[in-house]
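Asker: Per our numbering, residue 5 is the first one in the sequence shown, and the count goes up by one each step.
These aren't lab readings, by the way, just hints derived from the structure by calculation. Positions of the beta carbon are idealized from the N, C-alpha and C atoms, including for glycine. The reader is advised that the hints may include incorrect statements.
Stated by the list, open to error - In silico lysine-lysine, DSS-like type, Cα no more than 27 Å apart, as pairs:
id	residue 1	residue 2
1	Lys109	Lys232
2	Lys109	Lys204
3	Lys99	Lys204
4	Lys109	Lys99
5	Lys232	Lys204
6	Lys110	Lys232
7	Lys150	Lys110
8	Lys150	Lys232
9	Lys204	Lys150
10	Lys99	Lys232
11	Lys110	Lys204
12	Lys110	Lys99
As the list claims (entries may be wrong) - Per label pair, the in silico range of CB-to-CB distance:
id	residue 1	residue 2	range
13	Thr38	Glu192	36 to 42 Å
14	Gln178	Gly108	31 to 37 Å
15	Ala188	Gly108	19 to 25 Å
16	Lys232	Pro144	37 to 43 Å
17	Thr7	Pro154	40 to 46 Å
18	Gly118	Ser183	18 to 24 Å
19	Gly118	Gln178	18 to 24 Å
20	Lys232	Ala185	16 to 22 Å
21	Gly25	Gln200	46 to 52 Å
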Amino acid sequence: MQTQAEVSSTSDIALERAREGERSRLWIVARSQTKGRGRHGRVFLSPPGNLYASLFLNEGCRASHAPELGFVAGLALFDAAAALTGLAHPRLSLKWPNDLLVDGKKCAGVLLEGHAVHDGVFALIIGIGVNVAVLPPGLPNTAMLKDVAPDVTVEALFLHLSDSFARRFSDWTQAPRGSQAHFAAWAERAHAIGSQVRVKMPRAEVEGRFRGLDRGRLLLDTSEGLVKLDAGDLYVLDQSPASQGRVA
Numbered sequence: 005m006q007t008q009a010e011v012s013s014t015s016d017i018a019l020e021r022a023r024e025g026e027r028s029r030l031w032i033v034a035r036s037q038t039k040g041r042g043r044h045g046r047v048f049l050s051p052p053g054n055l056y057a058s059l060f061l062n063e064g065c066r067a068s069h070a071p072e073l074g075f076v077a078g079l080a081l082f083d084a085a086a087a088l089t090g091l092a093h094p095r096l097s098l099k100w101p102n103d104l105l106v107d108g109k110k111c112a113g114v115l116l117e118g119h120a121v122h123d124g125v126f127a128l129i130i131g132i133g134v135n136v137a138v139l140p141p142g143l144p145n146t147a148m149l150k151d152v153a154p155d156v157t158v159e160a161l162f163l164h165l166s167d168s169f170a171r172r173f174s175d176w177t178q179a180p181r182g183s184q185a186h187f188a189a190w191a192e193r194a195h196a197i198g199s200q201v202r203v204k205m206p207r208a209e210v211e212g213r214f215r216g217l218d219r220g221r222l223l224l225d226t227s228e229g230l231v232k233l234d235a236g237d238l239y240v241l242d243q244s245p246a247s248q249g250r251v252a
């Protein structure tokens, strides 16, 4: 682990270290970021008081693994938050594809970035930002961990997160090829499975009932049949019991 007071982006620093030949599974942690980013290049506001961390992986990691490891990281984040807050699903939930919610409000996000580094080696950067004690300004429907666990600290959260990821990553590497155990575990903690949702993509949007996951793809029951979506922004149109969800 390398800790810094302020950086442009922990993911940028992690990529630099990967290109310099650092060992896999190095964490970069910062107290604040000046150029934090989210999905689709969105600005990720990063004031002091929260956790900003990025991990790079290259040993035994291929580009095809990236989507699965996003769900592994989500599970580790859920585990860490649950341990510190005492919350369980559904108060604590995972929103497809990459957010952690507290009481239905966004508390954290995960960003995956893949890069070819030295000698063509693939490096996966997993960036994680968690609202611990400060809410980013101007963003509605957000939460912080101190809302539900006043004594939580950034340091304690990172220790739980790094330990949880190590366990989840080990389980993933040792699972039989084709195993969907991590997808099933993620679906058990999912937000809004069974609900009517809208998924917005860069060039289209689609509505239907969120039925579960198929190797990380969202299963959406639409008027034209069951469709599988790789990515998009999910908006809940109604809340229904989660018991209808499944992993295909």
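Asker: Given a hint of 46 to 52 Å, does the C-beta separation of Gly25 and Gln200 actually sit inside it?
Answerer: Because 49 Å falls inside the window, the suggested range holds.
Asker: Do the Cβ positions of Thr38 and Glu192 conform to the proposed distance bound of 36 to 42 Å?
Answerer: Given range 36 to 42 Å: holds, Cβ gap about 37 Å.
Asker: Indicate whether the distance between the beta carbons of Lys232 and Pro144 respects the range 37 to 43 Å.
Answerer: violated (30 Å)
Asker: Measure nothing beyond the straight line between the CA atoms of Lys110 and Lys204; if it is 27 Å or shorter, mark the hint as holding.
Answerer: holds (18 Å)
Asker: Going straight from one Cα to the other, do Lys150 and Lys110 come out at no more than 27 Å?
Answerer: Within the cut-off at roughly 13 Å; holds.
Asker: Starting from Lys110, check that the Cα of Lys232 is at most 27 Å away, please.
Answerer: Given that 27 Å is the threshold and the Cα spacing comes to 24 Å, the pair holds.
Asker: Does Lys232 sit within 27 Å of Lys109, going by the straight-line distance between their CA atoms?
Answerer: holds (25 Å)
Asker: How does the Cβ-Cβ distance of Gly118 and Gln178 compare with 18 to 24 Å: does it lie in that range?
Answerer: holds (23 Å)
Asker: Hey, Lys99 versus Lys232, does the alpha-carbon distance stay inside 27 Å?
Answerer: OK: Lys99 and Lys232 at ~16 Å, within 27 Å.
Asker: Just to be careful, I want the Cα atoms of Lys110 and Lys99 compared with a cutoff of 27 Å; is the pair within it?
Answerer: At roughly 9 Å apart (the allowed maximum being 27 Å), Lys99 and Lys110 satisfy the hint.
Asker: For a C-alpha distance cap of 27 Å, please report whether Lys99 and Lys204 respect it.
Answerer: holds (14 Å)
Asker: Can you let me know if the beta-carbon spacing of Thr7 and Pro154 is within 40 to 46 Å?
Answerer: violated (24 Å)
In summary, the structure is inconsistent with hints 8, 9, 16 and 17 from the numbered list given earlier, while agreeing with the others.
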